Amino acid sequence: MNKLMTYRFDSRLDLLLERVVDVPRELVWTAWTRPEHVKKWFTPAPWTTVECEIDLRPGGIFRTVMRSPEGQEFPNVGCYLEVVEGERLVWTDALEPGFRPANKVIDPAHDCGCTVFTAVITLTAEGSGTRYSALAMHKSEEERKAHEAMGFHDGWGAALDQLVAFARTMK
Amino acid sequence: MQLDQVFQALADPTRRAVVARLSNGPVSTSALARPFAMALPSFTQHLGVLEACGLVRSKKKGRVRTYELTTTRLKAAEAWISMQRATWEKRLDQLDSYLMTMKEGQS
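So the sequences go chain by chain: A and B. The letter at position 139 of the first sequence is residue 1568 when you use our numbering, and the numbering goes up by one with no holes. The letter at position 1 of the second sequence is residue 54 when you use our numbering, and the numbering goes up by one with no holes.
It is worth saying that the hints were derived from the structure and are not from the lab. Treat the hints with care, since some could be wrong.
With a straight-line Cα cutoff of 16 Å, these simulated EDC-like cross-link-like pairs (lysine to aspartate or glutamate) come out [what the hints assert, rightly or not]:
1. A:LYS1468 to A:ASP1451
2. A:LYS1468 to A:GLU1482
3. A:LYS1468 to A:GLU1502
4. A:LYS1469 to B:ASP146
5. B:LYS143 to A:GLU1447
6. A:LYS1568 to A:GLU1482
7. A:LYS1432 to A:GLU1480
8. A:LYS1469 to B:ASP65
9. A:LYS1468 to B:ASP146
10. A:LYS1468 to A:ASP1484
11. A:LYS1469 to A:GLU1482
12. A:LYS1468 to B:ASP149
13. A:LYS1432 to A:GLU1502
14. A:LYS1432 to A:ASP1484
15. B:LYS156 to A:GLU1455
16. A:LYS1432 to A:GLU1447
17. B:LYS156 to A:ASP1451
18. A:LYS1568 to A:ASP1439
None of the values given here were measured: they were computed from a predicted structure.
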């Protein structure tokens, strides 16, 4: 058995969510790894995923295009880092397909809260269901830029209120 | 505004303890330093890091320097991470309900 990479959780930069679903592990894996399924759930409504491309192997492309309710489209390109069938899926948008370092520019006009991140999805069988966790690791420098793009460097209060209101609409 | 500095400042346990202590109100340097087993110059260095990124500010009255929390920085860092959390919560909610429809479709 291969030894999987262990990932360190930093509570100030990262998010860790865990769910238990009464669905077999293979199905959960399929939902994460087939474009036709990913398109159905990946982007928080009322936004939608209009395109999805997956090359399921380390260095392979994971690309989505999100569409805002106003019809504006936001492409997201990254690549897989670790693919262990039914167990572990890791991707980042800090690297382009083939592990080429991405040259990310956070454009204030296209700010959708997108920042450089690495996501780690881990699946384990639990009875007839599945326990899965999603770890999203963030890079603080990019967060800072995204923050500045949102106007945090001047007018903290107003921007913060808007952000909190926005976060509420996403729940 | 340097959010990366805020995160870096909070990465240290001593500085987190200082921030926690200050959340109850202003405290003088000597009173802040007392619980920590470290030389005062090292401790004031930590205070310097917190002050440089704007998490705390200090005032000097006579020979006593008092530190207090500036809360906006902390709130901004929290708000950013809560927005990311909201996105992921919603994403996984959608996944879970989609999984149920996949399961029904199979049986």
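Hints versus structure:
1. A:LYS1468 to A:ASP1451: Distance of about 21 Å is beyond 16 Å: violated.
2. A:LYS1468 to A:GLU1482: Distance ~10 Å between LYS1468 of chain A and GLU1482 of chain A Cα, so the pair holds.
3. A:LYS1468 to A:GLU1502: holds (14 Å)
4. A:LYS1469 to B:ASP146: Holds, at about 12 Å.
5. B:LYS143 to A:GLU1447: holds (13 Å)
6. A:LYS1568 to A:GLU1482: Measuring from Cα to Cα gives roughly 24 Å; hence the hint is violated.
7. A:LYS1432 to A:GLU1480: violated (34 Å)
8. A:LYS1469 to B:ASP65: The given pair, whose Cα atoms are some 41 Å apart, is violated under the 16 Å limit.
9. A:LYS1468 to B:ASP146: Distance ~14 Å between LYS1468 of chain A and ASP146 of chain B Cα, so the pair holds.
10. A:LYS1468 to A:ASP1484: Status holds; Cα separation ~15 Å.
11. A:LYS1469 to A:GLU1482: holds (13 Å)
12. A:LYS1468 to B:ASP149: With Cα atoms ~14 Å apart, LYS1468 of chain A and ASP149 of chain B stay inside 16 Å; holds.
13. A:LYS1432 to A:GLU1502: Answer violated: LYS1432 of chain A to GLU1502 of chain A is near 39 Å, above 16 Å.
14. A:LYS1432 to A:ASP1484: violated (23 Å)
15. B:LYS156 to A:GLU1455: holds (11 Å)
16. A:LYS1432 to A:GLU1447: violated (22 Å)
17. B:LYS156 to A:ASP1451: Distance ~9 Å between LYS156 of chain B and ASP1451 of chain A Cα, so the pair holds.
18. A:LYS1568 to A:ASP1439: Holds: LYS1568 of chain A and ASP1439 of chain A sit about 11 Å apart, inside 16 Å.
Figure legend: structure checked against the earlier numbered hints; hints not met, in rising order: 1, 6, 7, 8, 13, 14 and 16.
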